[in-house]
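Chemist: Chains A and B supply the protein sequences, listed in that same order. For the first sequence, counting from 1, position 206 maps to 205 in numbering that gives the first Met the number 0; every step adds exactly one. For the second sequence, counting from 1, position 398 maps to 397 in numbering that gives the first Met the number 0; every step adds exactly one.
Zero decoy hints are in this set.
Ranges of calculated distance between the beta carbons of each label pair, as one might list FRET restraints: (1) B/Cys194 / A/Ala65: 43 to 49 Å; (2) A/Gln335 / B/Gln70: 20 to 26 Å; (3) B/Thr26 / A/Ala65: 53 to 59 Å; (4) A/Val70 / B/Ile163: 53 to 59 Å.
Over the 10 Å line for every Cβ pair with chain A, so calculated as not near, a few chain B residues: (5) Pro16; (6) Ile35; (7) Gly49; (8) Phe66; (9) Phe111; (10) Leu121; (11) Phe124; (12) Leu193; (13) Pro225; (14) Thr227; (15) Ser234; (16) Gly240; (17) Phe400; (18) Met427; (19) Pro525; (20) Val535.
Derived by calculation from the structure, the hints in this document are not laboratory data. Just so it is clear, CB atoms sit at the ideal spot from N, CA and C, and this is done for glycine as well.
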Amino acid sequence: MRRTRHRALVQGIAGLFAVSLAFLLLATSQCFGAPANPSPTNIFRPSSTPADEVFHISIFVLIIAALIFAVVFCLLVYSLVKFRRGPDDDGREPPPVYGSNQVELAWTVLPILIVLVLFLATARVIHSVEDAAKPPAAVAVIAIGHQFWWEFRYPSVGIVTANELHVPVSDPAHPTPTYIELRSADTDHSFWIPRLAGKTDLIPNRTNSMWIDPHEVGIYVGQCAQYCGTQHAKMLLRVYVDTKEQFDRWAREEAQPARVGDTVNQGRRVFETTACINCHAVSGTVADGRFGPDLTHLMSRDTIASGAASNTHENLRLWIHDPEAIKPGSLMPAMQLSDQDLDAVTAYLETLR
Amino acid sequence: MSSDSIALNPALESTRPIGDRLHDWVTTVDHKKLGILYILYALVFLVIGGIEATIMRIQLIVPHNHFVSPQVFNEMFTMHGTTMIFFVAMPIMFGFANYLLPLMIGARDMAFPRLNAWSFWLAAFGGLLLYFSFIGGNGLYGAGGAPDVGWFAYAPLTARVFSIGHSTDFWTLGLLVSGIGSIGTAANIAATVLCLRCPGMTLGKMPLLAWMNLVMAALVLLAISPLTAAQIMLSLDRYLGAHFFDTQAGGSAVIWMHFFWIFGHPEVYVLVIPAFAFASEIIPVFSRKPIFGYPVMVAATVAIGFVSFTVWAHHMFTVGMSSYANSFFTISTMIVGVPTGIKIFNWIGTMWGGKIEFKTPMLFCIGFLFQFLIAGLTGIMLAVAPFDWQLGNSYFVVAHFHYVIVGAILFALFAAFYYWFPKMSGRMYNERLGKWHFWLFLIGFHLTFDFMHIPGLLGMPRRIYTYEPGRGWDIWNLIITVGVFFQAAGILLFVCNLLWSRIKGPVCTSDPWDAWTLEWSTSSPPPEYNFAAIPVVRSRRPLWDIKHPEDPDWKYE
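Bound conformation, chain A alone (with noise of 0.2 Å):
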């Protein structure tokens, strides 16, 4: 009787641990699987050099981890299954080992070599990436991280945008790489695209750098990753990548001030005369605002509110009318306009192509 119950404990703890064993494995099936797991932000499916070393290297850890793993683990069964006490045990002590010099030594000498390895890979990775020197192709982008938000200067072409950053493919037999300068307005954020590079910080008063070579054409997503505030989820990110001449071209457009039709003339009035305008700037007009969105070209993008909202009539007008209904704790007040001047201006700023 107490033999049975002895060996189901023991069986109970080593089953339980190669579940949770399988559990990690699977774990990492999945992210590895990137067909399996189509995730968008899967840092197992690397799209630019700076997070393919990465890659590189997280791969040879967790080898190096498993193999460690799996030798302390068989240890430590081994030891709990052979060593348990037996149902005829006898009530005496085992004999006392105090330790081994020997023994000490060889678990001390293996990790430290152990660790001098991983240590070299490691180095040469932070170098690589860190130190890497800027070819003169590169293209220069400014990322600013405002609560709850991004902006995007590219001072050699005059544009100024928001949230969704526009570059152009890299094709690694002639490099453009973009080198992105990282500044913060407010608090700290993090600039994270899982798939082309490991998060840098925005720190106020501080200037950080990354850079990224996206190998494929596409949308990359990502978010904020420091906690910056009330709406610290929903600062979301998106890379445009696109190829040289849809870049060209997206840059040519972004470039022009606002073009401003006659049919909306009264939610320019709106717009130019309520308090849009202390956040807001529309080039060419008088709406110079700095501490919001750059609105120039507004219905270039794809979404509003940092990503918050696809950019539709419907969710436009609402986030004009209550912020708080998309994004809870935005910055962005709640203009308390009527419905005809809430249609107004919804209308003049779905001109702002």
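Mind docking chain B on chain A? Use the hints.
Modeler: The following block gives chain B in isolation, referenced to the frame of chain A:
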């Protein structure tokens, strides 16, 4: 060496009016009563912190959930972190140290009994101050509001422009006040271990628990001080217009990070070293063998203490440090793995060749060993700075440090609870309930924290009150939340077991585990003066020497 005690009439004790007995507890300077006060106080906050965690997990069970507002969610994670670290983990460790140290080194009390009481009441008052913010946090601006700046309260979110009202001040003052209490207790522990050991107990013959608490006390003294300094600077910023961290006036957000993490990382060892101490006392007794490699265990503990002060900026790999700084903190962090690895091997070495008995305390120790191994390995992954650029501030990190704090520290704590409960209460706990607690909590723990690694690998940042569907995070968050309820059930059984056994449990002898350290030589619960005659020891296992006069330890040590 004596197991004699001068019996007080227990009937006399229980007939005293309740008011008198309560008065005894409030004014006590007895290390055992203060230890129990610390532990009870921490258990209350453990339940509060657990409720806060549960609220967060319910909010995250599905994407775009509306269980709580973003404001409340942010308050919950701030309070959960602050509570668990400062008002659960630290006081509970102090409680055990308080209760056990004098008993294990053959002393009649701590070195400074009044300082001891003062420290406890400061810690308790600190916790009340923090929680008063729910009522008074917004001060004259209106209703209450708990701090919502995160438990590491990065500048400049704590500046007055970003944190109006008084919630941040309650956070600052709560930690400042309880921090002074912690420093008092740490000084007390160090003085007790260094000065009050019984005759014959040289430093090399102390129980490992005493050694490890000595190192813990040194870490507290060195680590809490920068935190206290930072809290004072923050208050100066907020009320006297200083500009240490006020970035809008040219202050530095990064300096706060340095101050916080030079406290914050050693703090991890402040909590985990006492957990090591429990394992180092319990594993030998249930394996029926002395600890393997005692001097190496001591050396490894001291080494961890020293190295822990060189690793803090691994919390800051993403703030844009130079490649040299990142490399330095990578290697220093990895080096911690060596002494901790040595410890794991020594514990396995202790079990090796023993006769292991799977009582509840030992089960929790095995859980501790297994989970600490995994926590250490994910720690090595996070030490790799480039890997941390991806994993930092993601759910992977959250999973990692909960593996340390729950998987290792809390499991070791449960082991300690069951192991020393008979000593503290004089009654035996219920073994069956204890095992149910172990299995339920183990299942819940693994459901929650194994699966929590995955959304991190899939790019889910921490501290978000909601998330977008379609990122592959939904199913994992659901499983994580389900695990919480298993853990809650386990905790419920634990509390029931303690309460029931305290009242109805079978009365136990002074030495139910056939153990070897001095606390088991006196009655259960020990009398106020601990030992009628101060014991004299000749080895690390004085009770072994008494029980086996034909083969005593001191012949070999």
